[in-house]
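Q: Sequence:
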Amino acid sequence: MWCTTVVEALLSCNCIDVNAQTNSGDTALILACKEGHKFTANLILLRKDNNPNLCNKRGLTALMYSAILGHVDIIKALISTRKVNPNSQDVRGTTALMNASHIGDIDTVCALLASPNIDINLTDLNGRTALLYACLKDRTAVASLLIGTPGIKVNCQDENGHTALLIAAAKNSLPIVKELLGVPNLDPDLKESHGLTALSVSVLRGHNDIVKALLPISKIQLDISHHKGTMAFVRATLQGHVPIIDILLTSRHINPNVFVTGSEQLYKLFRDQLRYSEERHRIEYAEGMTPLMLASCAGHKEVVKRLLAVPGVNVNLGNQPSYTLASYVGGSYEHSIMDPLLTPVDLKHTCFEGSGITALMFAAGHGHIDVVEHLLTLPEINVNGRDRDGYTALIYATLMNYPSSGDTGRCPSYIIHSSYHGHLGVVKRLLSVPDINVNTKTTNGFTALIFASRNGYSSIVAEILRFPEVDVNIQNRFGDTALIWAAYQGHLDVVKHLLSVPGVNVNTKNTDGFTALNYALANGYGSIVDAMLGSQKVDINIKTAYGNTPLMIASCNDHLDVVKRLLSSQEINVNAQNTDGFTALIAASANGHRSVVDALLGFQKVDVNIQTNLGDTALMLAAYGGHLDVVKRLLSVPPLNVNAQNTDGLTALINASTDGYCSIVDALIGSQNVNVNIQTNNDETALTLAAYRGHVNVVKSLLSFPDTNVNIQNIDGCTALMYAARDGYCSIVDAILGFPKVDINIQDKYGNTALTRASVNGHIDIVKSLLTFPAMDINLRDINGYTALEMARTTRHQSIVDILFSRPEVSDERTALVLYQPIIKPQTISLSHYAYFRQKVQLLGINSFSLVSRSRGIYNMCTYR
Numbered sequence: 001m002w003c004t005t006v007v008e009a010l011l012s013c014n015c016i017d018v019n020a021q022t023n024s025g026d027t028a029l030i031l032a033c034k035e036g037h038k039f040t041a042n043l044i045l046l047r048k049d050n051n052p053n054l055c056n057k058r059g060l061t062a063l064m065y066s067a068i069l070g071h072v073d074i075i076k077a078l079i080s081t082r083k084v085n086p087n088s089q090d091v092r093g094t095t096a097l098m099n100a101s102h103i104g105d106i107d108t109v110c111a112l113l114a115s116p117n118i119d120i121n122l123t124d125l126n127g128r129t130a131l132l133y134a135c136l137k138d139r140t141a142v143a144s145l146l147i148g149t150p151g152i153k154v155n156c157q158d159e160n161g162h163t164a165l166l167i168a169a170a171k172n173s174l175p176i177v178k179e180l181l182g183v184p185n186l187d188p189d190l191k192e193s194h195g196l197t198a199l200s201v202s203v204l205r206g207h208n209d210i211v212k213a214l215l216p217i218s219k220i221q222l223d224i225s226h227h228k229g230t231m232a233f234v235r236a237t238l239q240g241h242v243p244i245i246d247i248l249l250t251s252r253h254i255n256p257n258v259f260v261t262g263s264e265q266l267y268k269l270f271r272d273q274l275r276y277s278e279e280r281h282r283i284e285y286a287e288g289m290t291p292l293m294l295a296s297c298a299g300h301k302e303v304v305k306r307l308l309a310v311p312g313v314n315v316n317l318g319n320q321p322s323y324t325l326a327s328y329v330g331g332s333y334e335h336s337i338m339d340p341l342l343t344p345v346d347l348k349h350t351c352f353e354g355s356g357i358t359a360l361m362f363a364a365g366h367g368h369i370d371v372v373e374h375l376l377t378l379p380e381i382n383v384n385g386r387d388r389d390g391y392t393a394l395i396y397a398t399l400m401n402y403p404s405s406g407d408t409g410r411c412p413s414y415i416i417h418s419s420y421h422g423h424l425g426v427v428k429r430l431l432s433v434p435d436i437n438v439n440t441k442t443t444n445g446f447t448a449l450i451f452a453s454r455n456g457y458s459s460i461v462a463e464i465l466r467f468p469e470v471d472v473n474i475q476n477r478f479g480d481t482a483l484i485w486a487a488y489q490g491h492l493d494v495v496k497h498l499l500s501v502p503g504v505n506v507n508t509k510n511t512d513g514f515t516a517l518n519y520a521l522a523n524g525y526g527s528i529v530d531a532m533l534g535s536q537k538v539d540i541n542i543k544t545a546y547g548n549t550p551l552m553i554a555s556c557n558d559h560l561d562v563v564k565r566l567l568s569s570q571e572i573n574v575n576a577q578n579t580d581g582f583t584a585l586i587a588a589s590a591n592g593h594r595s596v597v598d599a600l601l602g603f604q605k606v607d608v609n610i611q612t613n614l615g616d617t618a619l620m621l622a623a624y625g626g627h628l629d630v631v632k633r634l635l636s637v638p639p640l641n642v643n644a645q646n647t648d649g650l651t652a653l654i655n656a657s658t659d660g661y662c663s664i665v666d667a668l669i670g671s672q673n674v675n676v677n678i679q680t681n682n683d684e685t686a687l688t689l690a691a692y693r694g695h696v697n698v699v700k701s702l703l704s705f706p707d708t709n710v711n712i713q714n715i716d717g718c719t720a721l722m723y724a725a726r727d728g729y730c731s732i733v734d735a736i737l738g739f740p741k742v743d744i745n746i747q748d749k750y751g752n753t754a755l756t757r758a759s760v761n762g763h764i765d766i767v768k769s770l771l772t773f774p775a776m777d778i779n780l781r782d783i784n785g786y787t788a789l790e791m792a793r794t795t796r797h798q799s800i801v802d803i804l805f806s807r808p809e810v811s812d813e814r815t816a817l818v819l820y821q822p823i824i825k826p827q828t829i830s831l832s833h834y835a836y837f838r839q840k841v842q843l844l845g846i847n848s849f850s851l852v853s854r855s856r857g858i859y860n861m862c863t864y865r
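As numbered in my numbering, residues 1 to 865 make up the sequence shown, in order.
Be careful, since some hints might not be right.
Pairs of lysine to any residue, SDA-like flavour, derived with a Cα cap of 20 angstroms [unchecked claim]:
no.	residue 1	residue 2
1	768	749
2	632	647
3	441	478
4	749	683
5	700	670
6	34	12
7	509	467
8	543	530
9	191	217
10	38	54
11	34	20
12	537	573
13	38	50
14	564	509
15	137	217
Honestly, the hints are just simulated from the structure, not real lab data.
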């Protein structure tokens with residue numbers, strides 16, 4: 001408040017120069033307008049000696065600042081003085097009205113237009129009027145106001161020849177264009193410096209609505225040079241703008257066979273226009289495509305019709321790599337193929353490896369039946385044309401957006417041409433063409449029938465099978481037929497269609513030796529298995545490359561219903577063996593599939609004692625896997641040989657004992673004719689291995705069997721007691737010492753006893769347990785002449801030394817032998833054939849065995865630790 005009082009006081013002094021300027025040329029009035037101080041500005045304007053038209057060094061007046069900042073009240077005050085010049089121009093020639101029009105402040109423009117002396121057609125140094133400024137920024141309301149102002153010159157051109165109409169057309173400002181077209185004296189055909197009119201700019205930019213508005217009033221023939229018109233034509237093709245296409249085609253500068261190339265910005269435009277999405281398309285680049293291909297891909301029927309009418313159009317052209325637009329239209333790399341207002345395109349840019357896909361293929365792949373119809377009207381159309389990968393239009397119509405595991409050898413083009421839903425209408429139309437080849441293969445051997453069968457398109461499969469020349473048994477590069485693919489994917493309806501064909505070969509094998517039945521079995525498709533078994537030609541005992549039969553695969557994968565269905569056939573060979581000697585029963589037992597084992601054992605001809613190449617039986621592998629229910633079921637079969645040994649001499653009992661499966665051990669011991677003392681190739685028994693592994697419950701179960709020989713020695717002379725004593729298993733030592741027939745003084749081939757092993761390893765409790773036996777001979781010497789006492793002293797186990805030395809029968813004589821600890825190589829027992837089994841068992845089926853892999857390959861039998 002005090003500031004205004006000061007201003008009033010100063011202005012009351014006649015000696016004050018109200019027009020004084022700062023170093024930058026601002027007057028008090030300009031400063032007041034900058035800050036929007038209406039009261040101060042009014043006080044200054046009351047001075048008769050004030051000059052409101054003074055400008056600062058930038059050429060800006062108080063009115064200009066008020067217009068730029070939108071201070072409408074101050075503008076009105078300035079104009080009311082009658083002294084202000086509304087047409088003052090700054091150093092660039094712009095006026096207050098131009099600034100307000102550019103900003104788009106309708107209230108400010110209205111206030112300025114109220115000035116009786118304002119010149120709305122004044123131009124700046126570039127020749128632009130207020131109307132051109134409004135059009136440049138698409139200020140629709142301001143432009144409409146200016147156009148409706150009396151005296152407006154709508155045909156004014158700037159230094160580049162741009163008119164308001166041309167700028168509005170370039171900006172796609174349809175409301176402004178319509179306002180301008182309502183002006184009686186408008187000239188729509190004025191050209192800019194490059195010879196472009198509003199219509200030609202609209203065509204080049206793809207502004208279809210503007211083109212429609214301008215076409216009725218434009219009176220000149222468009223002259224669009226080829227290097228600009230081609231890209232406009234491509235854009236119009238993608239967008240389906242028929243009026244633009246008609247204009248461009250009449251210009252006769254368009255090559256319908258031109259290949260598109262350009263930068264990523266251009267391809268982004270193409271993807272946007274094709275409504276690209278990764279779920280429905282795989283269109284990544286459009287390089288190497290012609291307008292006809294693009295229109296066919298987008299499904300623009302009317303555009304396709306017009307293109308097909310162009311003389312010289314090549315309907316069989318396929319998209320190509322490494323072409324530039326300039327090479328086809330006679331231009332050069334220095335020429336831009338888009339007008340200066342558009343994003344430049346680099347003609348040297350190449351990012352697409354062509355595939356030879358034709359317009360018909362694009363249309364078929366997308367399911368555009370109307371486009372296909374138009375393309376097929378041309379007599380020269382090649383309906384059997386193939387792309388780089390051997391795909392035809394018919395094949396594209398049967399595809400889906402699905403990466404096939406069986407088609408891994410296919411290298412897809414960067415442009416894949418459909419959401420691929422299987423287009424039945426297109427397939428029917430293509431099959432009606434007299435020269436169609438329904439059996440054409442891709443480079444990987446896939447046919448239309450194989451693709452349709454793979455994808456489960458039952459209607460398309462049925463349509464193709466009606467074709468007289470169709471070959472239902474064609475195999476691809478991987479040996480797969482249509483039937484194999486349908487069975488693998490579980491498409492029952494397709495399988496039934498294929499099986500109805502008289503000449504179908506149901507026993508065809510692929511490169512892995514699998515048939516359609518094998519895949520259906522592996523995946524548990526019971527209905528498909530039933531359908532195939534109903535075919536009289538099916539071989540239910542057919543083997544894969546690894547010798548696996550359908551029954552083996554079903555048994556391995558626990559498909560009970562399928563197993564039962566196979567066993568119901570009289571031709572079934574239940575005892576067939578694969579290349580590793582596995583049978584269906586062995587496979588089911590190894591995986592613990594109890595229900596399948598029950599079904600197989602219910603078959604009269606089943607042989608439970610068949611051995612694999614490594615000598616394993618179903619019982620051995622069931623015990624090895626810890627499958628108690630399966631073991632019990634096998635033990636219930638009378639002819640079972642419970643004592644069968646494999647190539648390493650292992651039995652089912654030895655397997656179960658080694659891994660500590662006490663319940664299985666009990667079940668085996670409870671069976672008739674079991675021999676608990678059978679020895680492996682390394683003379684190990686179930687008891688020695690159980691003791692070695694520390695399985696106390698298994699040891700107790702084995703010791704409960706009357707015929708158990710607790711003193712059996714392995715190849716190195718070790719007994720179960722020695723293993724337990726060495727490793728400090730006190731409970732096992734106590735259990736064995738409780739056995740009546742135990743010999744505690746047995747020596748291995750190095751002369752070690754159980755006492756020696758316990759002493760050298762410092763197991764004091766075991767030493768004490770062994771010394772309770774009256775028959776214990778504590779003075780026995782090993783082959784180096786050492787007693788247990790001397791070994792304990794050598795290994796510095798003083799507590800054990802004290803215990804042994806306190807015994808009255810101990811002998812502490814020093815021998816003449818050099819005291820040293822011998823280095824004895826460990827003896828190993830190899831059970832490595834089980835590792836081999838685990839590898840080979842994978843080959844039985846599609847799904848690998850679920851057999852638990854147990855670390856049991858090598859047992860370290862060191863005499864000393």
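Q: Of the numbered hints stated earlier in the document, which are not met by this structure?
A: Hints 1, 2, 6, 7, 14, 15 are the ones this structure does not satisfy, whereas the remaining hints hold.
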